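Peer 1: These are the residues of each chain, in order.
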Amino acid sequence: MERIRIVHYVNQFFAGVGGETKAGLPVGTRPGPVGPGTLLQKLVGDAGEVVLTIYAGDNYFAEKTEDAVRAALGRIEEARAQVLVTGPAFNAGRYGTACAVLARRAQTELGIPAVTAMFRENPGFEMCRAAVTVVPTGEDAAGMSAAMEVVARLALKLGRGEALGRPEEDGYAARGQRRNESHERTGAERAIAMLLDKLGARSYVSEIPVPDFGHVVPAPPIVDLTKAKIAMVTTGGIVPRGNPDGIESRRATRWGKYHIAGLDRLQPEKWSSVHGGFDTQFIHDTPDRQLPLDILRDLEREGVIGSVHDWFYSTVGAGAPVHRARAFGQEIAADMKAAGVQAVIFTST
Amino acid sequence: MRLELGSFPVTRLSAGPTTSWRDGELTVDADGLRRAVAHENVEALEVHLVNPGDGVRLIHVLDVIEPRVKVVGGRGAFPGFTDAPRVAGEGVTHRLDGAAVVALAEVMGSVDGQSVKEAIIDNVGPAAAWTPFSQTHNVVLVFHFVAGLTIPEQLATVRVVSVRAAEYLAEPVRALTPPRREVFDIDRVPGANAGRPPRVVYVSPLMHEGSVHNTYVYGVKVSSTPTVFHPNEMLDGAIVNADYHISAYRSATFHYQNNALIRELHARHGRDLDFVGVVICQCLVVDHLEKERSAAQVAKLCRMLGADGAVLSMQNGGHGWADLMLVCQRIEEAGIKTVLVMAEMSDAEGTDVGLIMHVPQADAIVTVGNMDEEVTLPAMPRVLGGTQFLDWNNYEGQVGAKPSDAFRTALRRLHGVCNQLGHSRLVARTH
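Protein chains in written order, with the working numbering: chain P, 1 to 349; chain Z, 1 to 431.
Excised from the complex, chain Z in its bound form (with noise of 0.2 Å):
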């Protein structure tokens, strides 16, 4: 399976007439933005051009995506949302690089004891530099809903819109010749003929728990048995997030389009590892037989590539990193040696024990920060997204400020900041 990537650099973003790339400069023109992603449950739809450094602050991040445009091998760049669900992966895809739909909308309340919790990006600032999103040309669009939708079906809503307006964006550059492209194959294993590289499979726990956080594969929810994967599938479209709960550490459909782990795995293949293939599987599974299945499951995929070693990132937490630790169990018992990639709850003063939940065989972690560690935040005197913060059954803690006040918060607000694909150079220590 081959797919060739070809991006095109964004480093300014501007209105304009006409939607259009040039030399890196996206012009973006708003009225077709909102026409062209028209649906009958939006109200109004606010379009904002932010460059990184502008100094303004978004509330009630939703979702982040990449720009995206299906070239070769298919009609829309996320199958099972804008085409058939088709594998992808295969033929090229183009993207917008340093570009990024933001969605935000104020959706307050709660489904079966789930709300949509507080998510922040601020491109300038302490907090700045923790987020990959600071430094994203954003177009930040900003929901109002007509009456009536219940919670699942503004987030539908906003999912089904956020993608179409990824695609209207990178439109322009679908007949264009990439600056920069790139090759994902991993059928071809140059030069591996000295010696066999240790074969490595990326274990990737997707998250779906009631009817508000989710995430989806090929426009249907994640499922409790897992699923052999290829990695050029989740680089090309094949998941878009649907998890809106703590900020810092659940996966914008950004992190998947971009997989860090993904990426780097590739970088190395063929060198110092074969990288045989993904293994999707899902966590925060409710039921503790059901938990045992799935982590079974995984370890026997992981058997059945001949892996030699697995790679487990992680998405979302709670009793999810109960599944991490299960699976993380089957696996090593198979024989196969892991290395988990996690976030940490270790107390403000990060004198908590960091891990809810913990098996002898995770002796290789990765940590991507503590995510109770507090920040204070200057005034921003431009948000976007709303007048007042999320903070249904003071789940959080009150952040007793309006959003453009200064205010400290854990980084648990802070959207990406934590987030479990190794994206960041986030790291804690002990002193």
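Looking at chain P on its own, in the form it has when it is part of the complex (with noise of 0.2 Å):
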């Protein structure tokens, strides 16, 4: 049977050519296996070769990112890799960043399967584990053989182009991704069940995980409103009619920034909202309804507030994403701090 062809990446310290010193070498290569990658090959024995390794310092991955990958995957289709093996990294954050970046791109732009390996608080894990098949190791190489006895079984499959079994079975971290399967039994069966487990104090389990968001600390309150810059905000999609931007009607991919310098209040004939989930006939006739700007104006100018910022921030809310909407609000939270807003008024739907 053909060997599976295996290119492993290790940093500077694994694979034997310095510490922290040398964390600022570029990308070097080595035909076959160099430090675990010895005992990755003895682990995949005849099934597997591990025809490539490569290296490169912590440091020169992370500040020249760039060229690093670009050097690393050179060499892995070169080398024909039928699968990449990047770390352990355990709980080595500059080494897990690199595994979790290579292993990544290595999947999205050659289409070349990955796995990697590290301790679940490691900054390279969260980044990697929707994408990548990760390895949860424990903190430091005294893990190294446990560890690799995982990687090795899951290269082989990964590199036949084998369906990995479940997380809990195959010992990678589960993805998080939701997939549709097919149950034994329908959802009104399962719901009847579940209800009698619950009124029977017996153990149940939910289908569905409980989103947890975090904790978001508020900002402290405004000191002098008479002196504060206050921006709106809005994910009710108002636009300057015929959408310049683009702005989807639901799951919008972007957000719009427009200009309201001058103006005492949103006119029907310059703004609309392209909100796909409600009817905008009151926002057509109105748009102030959903950005409050003649409200604001009136407060400028009784000074109770300092100023209207020149800019108002819009996108649509309907069907948003979790993940892109959080980079939305940092993006905007970004521009506004930039122009010294202290305070802003969010309008939802």
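Hints in this document: simulated from the structure, not taken from any laboratory. Just so you know, these numbers come straight off a predicted model, no measurement behind them. Accuracy of the hints is not assured; some may be wrong.
Partner residues are not named here, just some residues of chain Z that face chain P (Cβ under 10 Å, in silico) [stated by the list, open to error]: (1) ALA260; (2) ARG263; (3) ASP363.
Pulled from the structure, derived: some chain Z residues nowhere near chain P, Cβ distances all over 12 Å [as the list claims (entries may be wrong)]: (4) GLY148; (5) ARG268; (6) GLY309; (7) VAL359.
Now the stretches of chain P that chain Z is said to cover, found in silico as 3 or more residues with beta-carbon under 8 Å [stated by the list, open to error]: (8) 166 to 174; (9) 189 to 198; (10) 207 to 221; (11) 271 to 280; (12) 321 to 334.
Heads up, the beta-carbon is just placed ideally off N, CA and C, and yes, glycines get one too.
Once you've looked at the hints, go ahead and assemble the two chains, each given alone in its own frame, into the complex.
Peer 2: This is the structure:
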């Protein structure tokens, strides 16, 4: 049987070329397995061959990521790898990040499956968990053999194009990826069975995981409102008529920033809403209903607030995936902060 | 209240000079059907007979209705539509088991920002297994309206004609002896002397939002004041669907007529549980105080029914899921344990949070699948219903293909696939 061609990525330390002082080393290669790669080779036996080891200094990878990735991918492709193994990185943060980035890029750019391994709290873990097979390890290299056993087994499976078993069975981290499947019982049967278990004080497992959005610490209150610059942000999809930025009416992939300096109100002829989830007729009649510019201008004139920001920020909230909404919020916040905005009137629908 | 449901299996659908049923074969006289349901708003009505495995793609699906005839206890099988709004669920009803009227119409544009969403049924291919309507023998009606009708008028016409067609098709079995009989009677609790089985209520939110999408209860749109319902009522034609929003999670009339949760509760009644009744309420209540009012009232009715537990289904979604969570919260606060049945929107890759809103009390949820997951459907040379996909305001993202082409779509567009009354075996798991 053909031996699965494995390429292994390690950092400068595990490649045996040096410690922290060599963390700036650019991408290099060695034929065959090196360092922990020899254990990997032993574990895959005749079923696989570690044909190449690629290494780079942790600092080099962090500071010159693009160069490092391009160089490494080039070598991986030349070596005709059928699977890429990166790490195990345990709790080494820069190493784990490099493992995660390289594994993901090899998958998306070369279409080569990748498996990596690291400690759950390594920053690289969450970076790639959804896209790449990650084996959770202990905190340090004392767990090398245990980790490599799982890595070796998964590398062969992935290299052969075999489907992996469920995460608990095959030893890799759940991707947090929901996938539709067939059950032996209907939803109705499962619902009544679950209710009877709940009523009978027996254990049951909810089929939809409870979301955990984490905790956001609120900003401190404004000290002096009469000096504060206020901005408006909306998920109600207010855009200039014609929607020049093409914000989608559902599952928006972008947000817009629109100039309102000198405007007393939002004229219906110039503004509209592209939100796809509710009846926007009232907004089209009077856009200030969604974005209260008219009221804010009154407050500005009366000296209740310091000023209104020259821009408002807008996107469509309908069907927005949480990770995108989070990213939009971070980007908009950065823009407002740079402009000296202190408080936000946020309107949703 | 005792309902006897007589089932006549349909294993084959064919055309013939008269409409009749014999040994599983339903023969349909298309001209007779057209005459029986003639309506001034309908300029032309296509009638197609589609059997499972035929390789046909149905688009612009508006509703699916099981053929029924009221034999004893009323004059029509859809009170409020084909009969006075008498209480359904008593007497004798005959059904064609394995047949369905499927109503298609190309209804474009919007009213109050609401539009009809694309709804597809393929009866072969990768998505066929997920919808019950690939396994039914479908009498497909494609509507062509006279000019000048508003969208609500078009949809009202479809509803009225479709229920009449459902009765017309079942009429041949009115006087026949059914091969299979079921009795639905929760007043009889045989063998319930050893201990008291838990009392269970089924809570069924029904959607109503605007003038396009609704649910009809005895011919009238569902209101935001919850009501106690007898399970037989829902099984016997009291509910007619008028929800034409996202296809995967709307419930067709057929889903209510064959409500999987009611059937399962009934199967377990008297043994594992005491099925005490149904509470129907509105979801997609547009005013937040009215949402609170509705949730409080649902919990009150469950308490008055003496419920120990409640199973909650769902219809549609969006802020309707907020109604569901509020109702769950109030019921749990009343000391009644809940289980929810609902679809999730976890993004195409399955990595997004699947719920729009969650409350801590909702700790027992059954999923009917992630409707964002995508599937590639094969090219299908025979398409009924229209020549282009509906996609008002780019709400769903462009399909970019003709209906007869192969194309990739989220499950959202596929009718019945993520139905939240618990019909299917589709489940989502975390990998």
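Peer 1: If a hint holds in the structure, say so; if it doesn't, say that too.
Peer 2: Each hint, compared with the structure:
Taking 10 Å as the C-beta cut-off, the interface hint given for Z/ALA260 holds, the closest approach to chain P being about 4 Å. Given the 10 Å rule on beta carbons, the hint for Z/ARG263 holds: about 7 Å separates it from the nearest Cβ of chain P. At a threshold of 10 Å, the smallest CB-CB gap from Z/ASP363 to chain P is about 6 Å, leaving the interface hint in force. With a least beta-carbon separation of about 22 Å from chain P, Z/GLY148 lies farther than 12 Å from that chain, consistent with its non-interface assignment.
The Cβ of Z/ARG268 sits about 6 Å from the closest Cβ of chain P, inside the 12 Å cut-off, so the non-interface label is violated. With a minimum CB-CB distance of about 5 Å to chain P, Z/GLY309 fails to clear the 12 Å threshold, and the non-interface call is violated. Not every Cβ of chain P is farther than 12 Å from the Cβ of Z/VAL359; the closest lies at roughly 10 Å, contradicting the non-interface assignment. Against chain Z, the segment 166 to 174 of chain P contributes 3 residues with a C-beta closer than 8 Å to a partner C-beta. That satisfies the three-residue criterion, and the hint holds.
With a cut-off of 8 Å between beta carbons, the segment 189 to 198 of chain P has 8 residues touching chain Z; three or more are needed, and the interface restraint holds. With 6 residues bearing a CB less than 8 Å from a CB of chain Z, the segment 207 to 221 of chain P meets the requirement of three and the coverage assertion stands. Given as covered by chain Z, the segment 271 to 280 of chain P passes the check, having 6 residues with a CB less than 8 Å from a CB of that chain where 3 are the minimum. As drawn, the segment 321 to 334 of chain P meets chain Z at 3 residues by the rule of a beta-carbon pair under 8 Å; at three or more, the given contact holds.
Hint compliance for this structure: hints 5, 6, 7 are not met, and every other hint is.
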